[in-house]
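> Dock chains B, C and D against the given chain A, drawing on the hints supplied.
There are 4 protein chains.
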Amino acid sequence: MPERNLPENGGAVVAALAQRGVALSDIAAIVHDLQSKHCPGLTLDDCLESVRKVLAKREVQQAILTGIAVDVMAERGMLPEPLLTIIVDDDPLFGVDEILALAITNVYGSIGLTNFGYLDREKPGLLARLNAGGRNSREVHTFLDDLVAGVAAAAAAKIAHGRGPRHTARRPAP
Amino acid sequence: MPERNLPENGGAVVAALAQRGVALSDIAAIVHDLQSKHCPGLTLDDCLESVRKVLAKREVQQAILTGIAVDVMAERGMLPEPLLTIIVDDDPLFGVDEILALAITNVYGSIGLTNFGYLDREKPGLLARLNAGGRNSREVHTFLDDLVAGVAAAAAAKIAHGRGPRHTARRPAP
Amino acid sequence: MPERNLPENGGAVVAALAQRGVALSDIAAIVHDLQSKHCPGLTLDDCLESVRKVLAKREVQQAILTGIAVDVMAERGMLPEPLLTIIVDDDPLFGVDEILALAITNVYGSIGLTNFGYLDREKPGLLARLNAGGRNSREVHTFLDDLVAGVAAAAAAKIAHGRGPRHTARRPAP
Amino acid sequence: MPERNLPENGGAVVAALAQRGVALSDIAAIVHDLQSKHCPGLTLDDCLESVRKVLAKREVQQAILTGIAVDVMAERGMLPEPLLTIIVDDDPLFGVDEILALAITNVYGSIGLTNFGYLDREKPGLLARLNAGGRNSREVHTFLDDLVAGVAAAAAAKIAHGRGPRHTARRPAP
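From first to last, the protein sequence lines are chains A, B, C and D. So for the first sequence, my numbering puts the first residue at 1; every next one is plus one. So for the second sequence, my numbering puts the first residue at 1; every next one is plus one. So for the third sequence, my numbering puts the first residue at 1; every next one is plus one. So for the fourth sequence, my numbering puts the first residue at 1; every next one is plus one.
Please note that a few of the clues may not be correct.
Treat identical chains as interchangeable: a pair holds within one or across any two.
Simulated crosslink set (DSS-like; lysine-lysine; CA at most 30 Å straight-line) [as the list claims (entries may be wrong)]:
1. Lys37 with Lys57
2. Lys123 with Lys37
3. Lys57 with Lys123
These aren't lab readings, by the way, just hints derived from the structure by calculation.
Chain A with its partners taken away, still in its complex shape (with noise of 0.2 Å):
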């Protein structure tokens, strides 16, 4: 896509987001749980503009857009055997949805590796319930809630790296 286009799958990976049921304030909540405590007057529009930057990367884009429809397609049953009772089941030694969301913890550099890897294990708020929605319904989220994880980890290491090791700068890096 050229970059005239990045608004418009912009806005393409917010709709999809959306269609999942997750809010862009709903990941803006998770980076602000991450980081607040290392970040005093960190606010929650703080975080939120951080996942705006994050969902702005192509790279990003393209795992999100890819992630969600691989979910869908599991969801309608329309995956063949054995890849769709893997995805369906969640099935805890599937590596592929931690490999894009490990592309898009990377946007930032490595250190959004350590909440990612947090996140996935302790799956606060948001994550728990896209978590539980898979496992107890007709829903599959199994690359969703690696892939908000992802966003959540690279926007909190984009506050982490904005602020520096002390966390005293006031403006975000670019």
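Structure of chains B, C and D alone, referenced to chain A:
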């Protein structure tokens, strides 16, 4: 999937590759081209054995089955836009295919990376055919050519690891 | 290194870890904490065996030997600035330690990523001790704590792969 | 490092590269060779600007400073065995150099991977010189040649992203 299902999924992967026009002997030929000058006496059978060992890895199977499933759904027009156009056109700025291929290539460590990049750029043999088929017809091989290059690069790395830096040892390593 | 040198380097890695205060049984205890609730009957000996298999991989040995060498040189003040201060202070924005740890964690696929992130954030047992030693004294463990977390995460992933999604199989996979 | 120190470390990176015989214009020339056929009108100055932007990233600076420090210590015989011999000999099975280079290449997404692999195998221009210097003399460039290839690949990916799939847009993207 429990370990006992691995042979079954191994069969699923070989069948999925065959349905998309890829024989294991084609991949073995690429591996032989890559490694024979470094490993005098390397046979096509050695290469085929190495390809089979790569395809026995769960991580590799998952990446291949997922990538081919996305190709097939793109071919059938079943993906949402803008993802459908990006994948059908094999947009050079789409990077999710390389991400999955990298997960394959890394199965035997990062030394496979160099061969993957070389294959992905030069597209010898089968890879050129897949790429041309994908660009000129209704076939979509956006993921497949990268996945096959990833398998060949990993199989070559496995041979290199088994023979050591001077490639004099006879037995591939486990 | 030819394959026949692997045992030798395996010994070099165990010795390098011991010199830095890390016993394999400490790593095995972390693995046991991670996996025992998912794998009833898992023993410390099972975990130790899995740690040893991770440490037998060339890629893992190289990452550990390189990371420890950089820690030691930082301790002796032998690195140039600004790198010396970044590593001695364990700057939270330094990401090369996570990059090396990720290469270890990925040896058994991306499912190790979640445990790595959790360990790196929660720092149970040995990891807290390494981290405190590095921050309060003249010891530098900037790489070491991440490398150990990476080994533990990979060993846990290996156990999970061996036991399958329901963790009922008895024998770890190769 | 707080954001305000980035220019300082940027200077440190340029100086460290210069001390090891690498001018930014040499890297720009590699980028131009990679991209000029896809981007009519691309100038060496465009490529130099892209190289500078890659070198302004903290993650890139950290990887370069760490890798060069290890090369220098190997040159001075200050690393422990068996790591010293592995790095002085530029053992083809050593993969930590590729791991650091990959962290650089990924700064603008995974599309840089292909060019990295190509450069690492074909070693055009400066890269051949670094490789030969490292193999024939007392210089050690085990990390440096991969790091430089990683920077060139990332700079080429940045140009490709900025110009879109048909490379007709005039302004590189941020």
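> For which of the previously enumerated hints does the structure constitute a violation, in increasing order of number?
Violated hints: none; all satisfied.
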